[in-house]
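There are 2 protein chains.
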Amino acid sequence: MTENRTIQVGAVIFEGFELLDLYGPLEMFGMLGETEGGLATTVLSTKAGPVKSAPGPSGMADAAMDDCEGCDILLIPGGIGTRLLMRDAVFLARLKRLAEASKIVATVCTGSMLFAATGLLDGHRATSNKLIFKQVRKSAPNVEWIPSARWVEDGKYVTSSGVSAGMDMALFLIAKLRDRNTALRVARRAEYVWNEDPSRDPFAA
Amino acid sequence: MTENRTIQVGAVIFEGFELLDLYGPLEMFGMLGETEGGLATTVLSTKAGPVKSAPGPSGMADAAMDDCEGCDILLIPGGIGTRLLMRDAVFLARLKRLAEASKIVATVCTGSMLFAATGLLDGHRATSNKLIFKQVRKSAPNVEWIPSARWVEDGKYVTSSGVSAGMDMALFLIAKLRDRNTALRVARRAEYVWNEDPSRDPFAA
Numbered sequence: 000m001t002e003n004r005t006i007q008v009g010a011v012i013f014e015g016f017e018l019l020d021l022y023g024p025l026e027m028f029g030m031l032g033e034t035e036g037g038l039a040t041t042v043l044s045t046k047a048g049p050v051k052s053a054p055g056p057s058g059m060a061d062a063a064m065d066d067c068e069g070c071d072i073l074l075i076p077g078g079i080g081t082r083l084l085m086r087d088a089v090f091l092a093r094l095k096r097l098a099e100a101s102k103i104v105a106t107v108c109t110g111s112m113l114f115a116a117t118g119l120l121d122g123h124r125a126t127s128n129k130l131i132f133k134q135v136r137k138s139a140p141n142v143e144w145i146p147s148a149r150w151v152e153d154g155k156y157v158t159s160s161g162v163s164a165g166m167d168m169a170l171f172l173i174a175k176l177r178d179r180n181t182a183l184r185v186a187r188r189a190e191y192v193w194n195e196d197p198s199r200d201p202f203a204a
Numbered sequence: 000m001t002e003n004r005t006i007q008v009g010a011v012i013f014e015g016f017e018l019l020d021l022y023g024p025l026e027m028f029g030m031l032g033e034t035e036g037g038l039a040t041t042v043l044s045t046k047a048g049p050v051k052s053a054p055g056p057s058g059m060a061d062a063a064m065d066d067c068e069g070c071d072i073l074l075i076p077g078g079i080g081t082r083l084l085m086r087d088a089v090f091l092a093r094l095k096r097l098a099e100a101s102k103i104v105a106t107v108c109t110g111s112m113l114f115a116a117t118g119l120l121d122g123h124r125a126t127s128n129k130l131i132f133k134q135v136r137k138s139a140p141n142v143e144w145i146p147s148a149r150w151v152e153d154g155k156y157v158t159s160s161g162v163s164a165g166m167d168m169a170l171f172l173i174a175k176l177r178d179r180n181t182a183l184r185v186a187r188r189a190e191y192v193w194n195e196d197p198s199r200d201p202f203a204a
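If you're matching them up, the sequences are chains A and B in order. For the first sequence, the residue numbers in numbering that gives the first Met the number 0 are 0 to 204. For the second sequence, the residue numbers in numbering that gives the first Met the number 0 are 0 to 204.
Check the hints yourself; a few may be wrong.
Given that identical chains are not distinguished, each listed pair holds provided it fits within a single copy or across any two copies.
Cut-off 25 Å, straight-line C-alpha distance, at most; resulting in silico cross-link-like pairs (SDA-like, lysine to any residue) [to be verified]:
| # | residue 1 | residue 2 |
| --- | --- | --- |
| 1 | K175 | V192 |
| 2 | K175 | A47 |
| 3 | K102 | A203 |
| 4 | K155 | R177 |
| 5 | K133 | T181 |
| 6 | K102 | G55 |
| 7 | K51 | N141 |
| 8 | K51 | D178 |
| 9 | K137 | F90 |
| 10 | K133 | R179 |
| 11 | K137 | P49 |
| 12 | K95 | C67 |
| 13 | K133 | A62 |
| 14 | K133 | A63 |
| 15 | K46 | R136 |
| 16 | K175 | A92 |
| 17 | K51 | G37 |
| 18 | K175 | E35 |
| 19 | K95 | D196 |
| 20 | K51 | R199 |
| 21 | K155 | T181 |
Rather than coming from a laboratory, the hints here were simulated on the basis of the structure.
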């Protein structure tokens, strides 16, 4: 994706998603200017409409997951709601189809644990929330879980650590799809101190 | 507010609000556990319902501003939408009433520029987004604008720098209303590297 066309992001939300897992990356993506090729976000859920987050406030889904034909970046946040969905075969089938139809799948926090339940992460390196790392490892033993990493890229899968790590990963994705200077400009616009080195993990498990 | 009762947060949104200005602080607040006294958030707007952010995705307002009788922390995000509202006398009167009825008013990014338009910041020290600091200063010449500060506390007004600075300020407010250890625990849960020193401003104007 070297051409400068608009990046299409699809972000999946569900009851009990973590606010910053979703809106941290969407803020960084949203700060890409038109002259930087721009970016369009669609928030997806089982159906369109308001969806309650783990901390309380609701986000809005613009469209149903089934109506999306895949995107450049499929963003999967974490949150307490992942616990139920990991055992929901209908939801997992929807998520798997979307992931297969998308160019990059990017997860934040326990979003990787949820995504691993589709089986697509098996045999891949990945990371997740560091406070519940044992539980994550146990839930998907066929994934090569990395205990010290702010984010991990393995093929089309990019998984990040807990909550705030999603913003560092989002800037990495901007650098990957555009260039490093663009990512640095976006970080400055957001007055965000980018942890640019994925091996620097202040919260390693 | 030394007693350990639930902290009531009211967060004002409007068309063109910046996502992270709002959801960064609400994530930190939302990570306060029940045993830490807890916190309840109500998202407010001119009326209840979905409200489109500057980067695109919509947030949901739970209630109308006029139906709120004040709160412990009134949170005012920034965003491109502040430009119009700064000249909207009806909105400013609503915001002023809410601010006067609340114990703490906390702003993020150009939220301070919007709030200053009520006149309540006149004679107070405050800060704001650093990329448009000249414009902020010009828009409210009777405020003592501080060009180098991650956030500024002056009486009941706490104003923070651009976008990401709201998360540092939110952790400061948790430390203020609870204690420093609670704020450090919340930061760790969010895997967030807290800039705890308000005088350390990597983006000073």
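Hint check:
| no. | hint | in the structure |
| --- | --- | --- |
| 1 | K175 x V192 | both (18 Å within a copy, 24 Å between copies) |
| 2 | K175 x A47 | neither (30 Å within a copy, 39 Å between copies) |
| 3 | K102 x A203 | neither (28 Å within a copy, 38 Å between copies) |
| 4 | K155 x R177 | within (16 Å within a copy, 43 Å between copies) |
| 5 | K133 x T181 | between (36 Å within a copy, 24 Å between copies) |
| 6 | K102 x G55 | between (31 Å within a copy, 22 Å between copies) |
| 7 | K51 x N141 | neither (31 Å within a copy, 41 Å between copies) |
| 8 | K51 x D178 | neither (35 Å within a copy, 29 Å between copies) |
| 9 | K137 x F90 | within (21 Å within a copy, 52 Å between copies) |
| 10 | K133 x R179 | neither (34 Å within a copy, 28 Å between copies) |
| 11 | K137 x P49 | neither (32 Å within a copy, 39 Å between copies) |
| 12 | K95 x C67 | within (12 Å within a copy, 43 Å between copies) |
| 13 | K133 x A62 | neither (34 Å within a copy, 40 Å between copies) |
| 14 | K133 x A63 | neither (33 Å within a copy, 43 Å between copies) |
| 15 | K46 x R136 | neither (30 Å within a copy, 45 Å between copies) |
| 16 | K175 x A92 | neither (29 Å within a copy, 46 Å between copies) |
| 17 | K51 x G37 | between (28 Å within a copy, 18 Å between copies) |
| 18 | K175 x E35 | within (13 Å within a copy, 41 Å between copies) |
| 19 | K95 x D196 | neither (29 Å within a copy, 44 Å between copies) |
| 20 | K51 x R199 | neither (32 Å within a copy, 35 Å between copies) |
| 21 | K155 x T181 | within (21 Å within a copy, 38 Å between copies) |
Hint violations for this structure: numbers 2, 3, 7, 8, 10, 11, 13, 14, 15, 16, 19 and 20, all remaining hints satisfied.
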